[in-house]
Amino acid sequence: MFIKYLLGIWMGAVCLAAFVWAPADATLGEISRIIFFHIPTAWVSVLGFLMCMVYGARYLRKRDEKADAAAAVWAEIGLLFIVVATVSGAIFAKATWGAYWSWDPRQTSIFVLFLIYMAYMALRSAVDDPERRASLSSVYSIIAFVTVPLLVFVIPRLPGIQGLHPNEAIISNKLNMDLRMLAVFMASLAGFTGVALWMFGLKMRLVGLRLSDKAGAKEV
Amino acid sequence: MKSSSLAAKAFAVFAKDLRSEVRTRYGVGSVALFAVTSLVVASFAVSPYALESDAQSAFLWVVLFFSSMSGLSRSFVKEEETRTSLALKLSAPPLAVFYGKMAFNFTLMAAVELIVVPMFLLFMDVSLKSYGLFVVAIVLGTAYMSAATTIVAAIISKANSKGTLFAVLSFPVTMPGLIMAVRMTNSALAGLGVSSSVSEISGIIAFTVMVTVLSSMLFGFVWND
Amino acid sequence: MAITVVIDGVSRRFGERTALCEVSATAKPGKLLLVTGRNGSGKSTLLKIAAGLLRPSTGSVVYKDGTDDGAPELFSDRIGFASPELSLYDELSALDNLTFFGGLKGVKGSTSRAEALLKRAGLLDRADDPLSSFSSGMKQRMKFCFSLMNEPDVWILDEPTANLDDAGKGLVYSLIGEMRRKSALIIATNEKEEVRLGDEVIELGR
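Protein chains in written order, with my numbering: chain A, 1 to 220; chain B, 221 to 445; chain C, 446 to 651.
Among the hints, erroneous ones may be present.
Stated by the list, open to error - Below, a list of computed lysine-lysine pairs in the DSS-like style, where the Cα atoms sit at most 27 Å apart: (1) C:Lys584 <-> B:Lys298; (2) C:Lys509 <-> A:Lys62; (3) A:Lys4 <-> A:Lys203; (4) B:Lys309 <-> C:Lys509.
In case anyone wonders, no lab produced these hints; they're calculated from the structure.
Isolated chain A, as found in the complex:
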């Protein structure tokens, strides 16, 4: 209960600060404010799939149906965040580089992550037996997740791959970023992560109720 209000106030403050308090970037202009929303949601969408994989691995080790339920919940949450990240990224792309989509390596990797999420959902809906569904989707989440670092870190670093994303600019400027921008950015990162964790907690309570309901019904 308390968390809900805290998060609400926090994110409200972040949104306000993003538009009013933090300065716009010198070169990019007002559109740079999208950085406070685009990067944190992209980060959470990767985190979401990481958590999905971690719970999948736990299911394979412990055969705990709650772990599998948790993996599915993280997939739902991550999917929501990745849609937000992709759309906000496309808006930024249009405003800065003139096109909504140009298969820049970072754009490609987020799109592939989106496909991974969709593939994971498709797999889950294609298996009827709950235990088999849990094992198969856990294995797939691990295999699929391993490709994410490859796409996000390895391939963009290959010689000759031209990217639009201001990689160098942001990384070298990170420390030079105006302190107010940095503060809002960090706050947004923490806030969105908090929202995702809160959503997870909420959904897991529902799952817990449903599972204990089933157990109760069996005993009757």
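For chain A, the structure is supplied; the task is to place chains B and C on it using the hints.
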């Protein structure tokens, strides 16, 4: 279990799949036919103009990717459909099944490529200067594809709606290797030698090893219900 | 070394449905375990769990051979299993099927062992014919040959006399008679007259 006997058992699984395939020729036939049809359509649509080398390279891998999608799930799906997977499960160590089927997948694709790649060079009017890199690109790309898709094939063989699901699940997993293979093929068609693509070559070899090791660790969970 | 199979409090759920509820029994050489019950009572499920093909939801199955105790998976090369679901490769010949599976199980001299089993099953004259040309009774006999390739210490049979004529049934009973002294046998059947084969009989689904 001695590793040499594991290799022998994997070979036995591979040999059995190969023998069945040679007898019926169904797999190679339908996959090669798909690939050739795609080639013919594209070549016809584009002629008399030749495509740029990067478009040619992309096209080749599109055809090879979708041909793989039509053929690489066969070895597992067939075991489930003919209900022979139980007998196999009772007899063979899971890793023997995994490596045997992976070797079969690679061989199947190689056989299809022996037909399709020369036709590609012919129909798409490709002037190939850098044979070495071209062959390396195809071999490594195929190795990665068979390594990455074997466990996915095992996964979908236990699910419903196998056909489309296989492509949907495979694409994200094959992407890293595909990107490398396309780049290497592109360089080859542009006349560059092997030395120009060292980072792609080492990259794709590393990816292939990584995905093979990871799949072999996880295969047991898929194979043993 | 002879194996004793200890089934302890095994339950198995499939989603909402409970297929087995707290089943306990043992099987060892000289003590044939017979499982009976109407269709759908969970006989096949229990046999699969006993063979290590399925995991129990609760409870355990332990194989004890005097030196090691462990789950069935650890003894997989000493188990023989035959069930209605089992299918061999239709495109291969009878002999090729057995030598293929024998090789995978690590059986030495699998060709001569396969020939001996085919002879015992009355199938030697069809050894080189593809399984697709076999009748269902002949395929049933092939399943026994398959399950006996590795001279199993644990022999698990699910409805062994299905599809068999009197000669076939006679073969099964004589094989059971030979195997029951050296190996732990677990048999599931619906046939009332076969229940007498069991030293310990459990009925599922009551």
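Hint numbers contradicted by this structure
none
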